[in-house]
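J.: Using the sequences and the hints given, assemble the complete structure.
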Amino acid sequence: MRYLPLTDTDRQEMLSVIGAASIDDLFVDVPAEARLTGTIAGLPDHASELAVERHMAALARKNLSAGEAPFFLGAGAYRHHVPASVDHLIQRGEFLTAYTPYQPEIAQGTLQVLFEFQTQVARLLGCDVANASMYDGSTACWEAIGMARRITKRGKAILSSGLHPHYVSVARTMAKFTGDALAHEAPALDAATDIDALIASIDKDTSCVVVQYPDILGRIADLAPLAEAAHAAGALLVAVVTEPVALGAIKAPGHMGADIVVGEGQSIGVGLQFGGPYLGLFACKQKYVRQMPGRLCGETVDAAGKRGFVLTLSTREQHIRREKATSNICTNSGLCALAFSIHMTLLGERGLRELATLNHGLAAQAADRLSQVPGVTLLNDSFFNEFTLILSKDARDVVRTLADKGVLAGVSLGRLFPQTPAIGNGLVVAVTETVTAEDIESLAAALEEELA
Amino acid sequence: MTMLKEGRPTAPEPVKEAHMAPATATGNRALMLEEALIFEIGSTATTGVDFAPAPSVASRLGKLARTDAIGLPGLSEQETVRHYTRLSRQNYAIDLGLFPLGSCTMKHNPRLNEKVARMPGFADLHPLAPQSTVQGALGLINELAVWLIKLTGMHGVAMTPKAGAHGELCGLLCIRAALEARGDARQVVLVPESAHGTNPATAAFCGYKVEDIPATPEGRVDLEALKARLGPDVAAVMITNPNTCGLFERDMKTISDAVHAAGAFVYCDGANFNAIVGRVRPGDLGVDAMHINLHKTFSTPHGGGGPGSGPVVLSEALSPFGPLPYTARMADGSIHLIEEENVGEEMPQSFGRMSAFHGQMGMFTRALAYILSHGADGLRQVAEDAVLNANYILRSLDDVLDAPFGDSGPCMHEALFSDKGLAEGFTTLDIAKGLIDEGFHPMTMYFPLVVHGAMLVEPTETESKAALDQFILALRSLAERAKAGDEALKGAPYHAPRRRLDETLAARKPVLTWTDPALAVAAE
Numbered sequence: 001m002r003y004l005p006l007t008d009t010d011r012q013e014m015l016s017v018i019g020a021a022s023i024d025d026l027f028v029d030v031p032a033e034a035r036l037t038g039t040i041a042g043l044p045d046h047a048s049e050l051a052v053e054r055h056m057a058a059l060a061r062k063n064l065s066a067g068e069a070p071f072f073l074g075a076g077a078y079r080h081h082v083p084a085s086v087d088h089l090i091q092r093g094e095f096l097t098a099y100t101p102y103q104p105e106i107a108q109g110t111l112q113v114l115f116e117f118q119t120q121v122a123r124l125l126g127c128d129v130a131n132a133s134m135y136d137g138s139t140a141c142w143e144a145i146g147m148a149r150r151i152t153k154r155g156k157a158i159l160s161s162g163l164h165p166h167y168v169s170v171a172r173t174m175a176k177f178t179g180d181a182l183a184h185e186a187p188a189l190d191a192a193t194d195i196d197a198l199i200a201s202i203d204k205d206t207s208c209v210v211v212q213y214p215d216i217l218g219r220i221a222d223l224a225p226l227a228e229a230a231h232a233a234g235a236l237l238v239a240v241v242t243e244p245v246a247l248g249a250i251k252a253p254g255h256m257g258a259d260i261v262v263g264e265g266q267s268i269g270v271g272l273q274f275g276g277p278y279l280g281l282f283a284c285k286q287k288y289v290r291q292m293p294g295r296l297c298g299e300t301v302d303a304a305g306k307r308g309f310v311l312t313l314s315t316r317e318q319h320i321r322r323e324k325a326t327s328n329i330c331t332n333s334g335l336c337a338l339a340f341s342i343h344m345t346l347l348g349e350r351g352l353r354e355l356a357t358l359n360h361g362l363a364a365q366a367a368d369r370l371s372q373v374p375g376v377t378l379l380n381d382s383f384f385n386e387f388t389l390i391l392s393k394d395a396r397d398v399v400r401t402l403a404d405k406g407v408l409a410g411v412s413l414g415r416l417f418p419q420t421p422a423i424g425n426g427l428v429v430a431v432t433e434t435v436t437a438e439d440i441e442s443l444a445a446a447l448e449e450e451l452a
Numbered sequence: 001m002t003m004l005k006e007g008r009p010t011a012p013e014p015v016k017e018a019h020m021a022p023a024t025a026t027g028n029r030a031l032m033l034e035e036a037l038i039f040e041i042g043s044t045a046t047t048g049v050d051f052a053p054a055p056s057v058a059s060r061l062g063k064l065a066r067t068d069a070i071g072l073p074g075l076s077e078q079e080t081v082r083h084y085t086r087l088s089r090q091n092y093a094i095d096l097g098l099f100p101l102g103s104c105t106m107k108h109n110p111r112l113n114e115k116v117a118r119m120p121g122f123a124d125l126h127p128l129a130p131q132s133t134v135q136g137a138l139g140l141i142n143e144l145a146v147w148l149i150k151l152t153g154m155h156g157v158a159m160t161p162k163a164g165a166h167g168e169l170c171g172l173l174c175i176r177a178a179l180e181a182r183g184d185a186r187q188v189v190l191v192p193e194s195a196h197g198t199n200p201a202t203a204a205f206c207g208y209k210v211e212d213i214p215a216t217p218e219g220r221v222d223l224e225a226l227k228a229r230l231g232p233d234v235a236a237v238m239i240t241n242p243n244t245c246g247l248f249e250r251d252m253k254t255i256s257d258a259v260h261a262a263g264a265f266v267y268c269d270g271a272n273f274n275a276i277v278g279r280v281r282p283g284d285l286g287v288d289a290m291h292i293n294l295h296k297t298f299s300t301p302h303g304g305g306g307p308g309s310g311p312v313v314l315s316e317a318l319s320p321f322g323p324l325p326y327t328a329r330m331a332d333g334s335i336h337l338i339e340e341e342n343v344g345e346e347m348p349q350s351f352g353r354m355s356a357f358h359g360q361m362g363m364f365t366r367a368l369a370y371i372l373s374h375g376a377d378g379l380r381q382v383a384e385d386a387v388l389n390a391n392y393i394l395r396s397l398d399d400v401l402d403a404p405f406g407d408s409g410p411c412m413h414e415a416l417f418s419d420k421g422l423a424e425g426f427t428t429l430d431i432a433k434g435l436i437d438e439g440f441h442p443m444t445m446y447f448p449l450v451v452h453g454a455m456l457v458e459p460t461e462t463e464s465k466a467a468l469d470q471f472i473l474a475l476r477s478l479a480e481r482a483k484a485g486d487e488a489l490k491g492a493p494y495h496a497p498r499r500r501l502d503e504t505l506a507a508r509k510p511v512l513t514w515t516d517p518a519l520a521v522a523a524e
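Top to bottom, those sequences are chains E and X.
Under full-length UniProt numbering, the first sequence has 64 at position 64, and the numbering climbs by one with no breaks.
Under full-length UniProt numbering, the second sequence has 9 at position 9, and the numbering climbs by one with no breaks.
Keep in mind that the hints were calculated from the coordinates and are not lab data.
Careful: at least some of the hints might be erroneous.
Listed below are the simulated PhoX-like cross-link pairs for lysine-lysine, each with C-alpha atoms no more than 20 Å apart in a straight line [claimed, not checked]: (1) X:K209 / X:K227; (2) E:K153 / E:K306; (3) X:K150 / X:K227; (4) X:K420 / X:K490; (5) E:K153 / E:K324; (6) X:K420 / X:K509; (7) X:K509 / E:K285; (8) E:K62 / E:K153; (9) E:K405 / E:K324; (10) X:K509 / E:K287; (11) X:K509 / E:K306; (12) E:K176 / E:K153; (13) X:K115 / E:K62; (14) X:K490 / E:K306; (15) E:K324 / X:K420; (16) E:K176 / X:K209; (17) E:K306 / E:K324; (18) E:K405 / E:K62; (19) X:K253 / X:K227.
T.: Quick look at the structure:
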């Protein structure tokens, strides 16, 4: 039990200071019938560091990791190269093992990072202000719908068919209990864009329109007409970005009129991690800042007049307002926000643009090559680093077969939209800077063989 | 053994030289370096990364190509390393010393956990990867789930919630779904005063009417008041046990029985499970749902505010209603991720999905490494040492600091004091800021709300007796100074990177992003 420093002698000395005869005396308030004696049946005793590492390594070996195969999965989680210094810096104990900065005098490191993070996120998304992060993109999306309800006092959210179906599921879960009405349909593969349909569906009960950019199929569309239509009807535009690297190449949603922009920040600095922890990005127009959920870091001065940072506007939070709080969340993704911020600082504007250009170029190359495979059609005419292929058979089966051959081909639309059999042949393919020309050839060859 | 209460130095000689030393030209003080913002030292032309040239292909961006300046400064690699290393040194962290934040639980973060979480076989997996390629990761989730179920004596566990408060939401959604399944639209959730602040916020968020249940003078749920309020409109009672006064709710079983008899469910806030792990199973106390903050009980690093992870253990009655996705072991030994695509008939009552993917895998890896390192015997020792350390602090200081529930029985993993008895005008805040100068992170201040000027101290099991004695010495000295009316204490901290920060100014005139002063002036 290498992490426990007390010796039996210490324990005896401490018990005598307390005035207790034994440790059991300290558990006297536990009802006798609920007190466990001895260890719990079926659970092993402690293990050495070496033994634990071996056990975990054995589990890890049963997985095919992304770096071991030609890899094309996206759909809300993206594999990018993370510079070595990012992981090195987030492992500094003063960052890694700090708590929420409740004592700002000795938490300026975390607080300054959050202030810088908020500024980076606001600029990237094209908004006035951003918060210090949320759990992930899907919960940030849900919180944005709640915020739109508070602002407009209306209870109907219209969700674009291009919104990630898991984000739709999260919103649907929450709506069941808050009474929000949600309008949503699965995407139709023959429509180039659903912007016109969205505009047509806005009515006087609409709190917000939620649109993903680029959307789940990889399509990108100008959001300005949608923002205009929403505003004309007294509704808000919520934009969702699941691949923030895209914003190094395409217009920011905030600059096209989105009132709230949320996103999944995993793509920058965080890594795939089999789904979490991820990083919810949340930004909005200045006038809505007091309705924004989550933590905020603000600039101020100390008693000696020096610039410093504190958590602020906490009157919206659960520990002050209890049942009247703006949201119940009481953590952010601090360490993931740090990783994002460091990676973004390493990139800088120049690096981000280069990275985005490289992603887009490789994706275009891949799209051209893969659409030459017999039985494959490219759906999108516009995309950033992710596009949809229509295969001549069910993409779910193709993905499984190719995985057995060591090629991780993409995400099938059948898995994402199981209730919509008509789009089962769709395969969403993501191409980032980690993909090589050989990888693209491997995928093309495997598809050729499978679809022959 | 009274050495801790006597024979210790009282107020130390005031140390004046540090803040009276001459100012430096740079604002730096030897190893303590001031650090500007990246927006002040970086430039949009600088980068710390190199990329291969992009292939020259026709753009597919249409009219949407971003042409405006984004305003993101870059730094070279070394500048980046220095910037963040310097900033890190302005932080207090558990790696530097005792971090006695009650109800937050800051214990040692073993580095083995970091190492295993970074194995590519876990860290470099896509959440939507074909299931045949992630059997080890699904197996890890399943293995951790089995530990959580057995340690709590419950029936099932929902692994997806991403933090404690998200777990509360999950538990309440299960309760609501179970009630709706039997056609019972109950409207009210009862929350005792001694519960965590997130509890009422969560209940309200789920659309419930929240009603308080008072605490007894000894700091526990008022059983009679609770029983009197139970009725056909009550959906659930949310209890924190051990509670935020640091006490075990003795009547937990009686409360559960009464709640069940009234047709309602018991939600237990399990944030404080580290006090009882291996010694008490909440399932034996009649709990229906309880979240477990993996980052607290099973030590995953909190990273300056998160991430957390909040799996929810569930009773047999609630298990069918848990969220998607979840893992299930098949007859052939393979493990399936059950989600919308394959949910089938076995779990038609799931309330749905509460986050895009299947939870905090990176935290699961760390928590399982921590659990296996301790084993069943070590986890029991964790609870015992956590409780021992807290009671040691309580009894070593209750002669100089008011302990409002000092006569209510042993405390669990945290010791509660109040500001009663300090000199006129001296507050909990002064003691907290004084602790900073003594080299400690302050305890939790002004929480729980049931105690005026609360100071909630949680040492955890990973602190040695020597570390506790040093902390006791510091707190004793500060208590004596505050009782004696030592005005210098009101200026603390003197030795931190910053003096007291103006939080009112920050809230009145929020500055949440950096603006170039040159542009700000031009705009005026």
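J.: Compare the structure with each hint and give your call.
T.: Do the hints match the structure? See the list:
{"no.": "1", "hint": "X:K209 / X:K227", "in the structure": "holds (18 Å)"}
{"no.": "2", "hint": "E:K153 / E:K306", "in the structure": "violated (42 Å)"}
{"no.": "3", "hint": "X:K150 / X:K227", "in the structure": "violated (30 Å)"}
{"no.": "4", "hint": "X:K420 / X:K490", "in the structure": "holds (17 Å)"}
{"no.": "5", "hint": "E:K153 / E:K324", "in the structure": "holds (16 Å)"}
{"no.": "6", "hint": "X:K420 / X:K509", "in the structure": "violated (34 Å)"}
{"no.": "7", "hint": "X:K509 / E:K285", "in the structure": "holds (16 Å)"}
{"no.": "8", "hint": "E:K62 / E:K153", "in the structure": "violated (51 Å)"}
{"no.": "9", "hint": "E:K405 / E:K324", "in the structure": "violated (54 Å)"}
{"no.": "10", "hint": "X:K509 / E:K287", "in the structure": "holds (13 Å)"}
{"no.": "11", "hint": "X:K509 / E:K306", "in the structure": "holds (17 Å)"}
{"no.": "12", "hint": "E:K176 / E:K153", "in the structure": "holds (18 Å)"}
{"no.": "13", "hint": "X:K115 / E:K62", "in the structure": "holds (18 Å)"}
{"no.": "14", "hint": "X:K490 / E:K306", "in the structure": "holds (18 Å)"}
{"no.": "15", "hint": "E:K324 / X:K420", "in the structure": "violated (30 Å)"}
{"no.": "16", "hint": "E:K176 / X:K209", "in the structure": "holds (16 Å)"}
{"no.": "17", "hint": "E:K306 / E:K324", "in the structure": "violated (35 Å)"}
{"no.": "18", "hint": "E:K405 / E:K62", "in the structure": "holds (15 Å)"}
{"no.": "19", "hint": "X:K253 / X:K227", "in the structure": "holds (13 Å)"}
Hints 2, 3, 6, 8, 9, 15, 17 from the earlier list are contradicted by this structure; the remaining hints agree with it.
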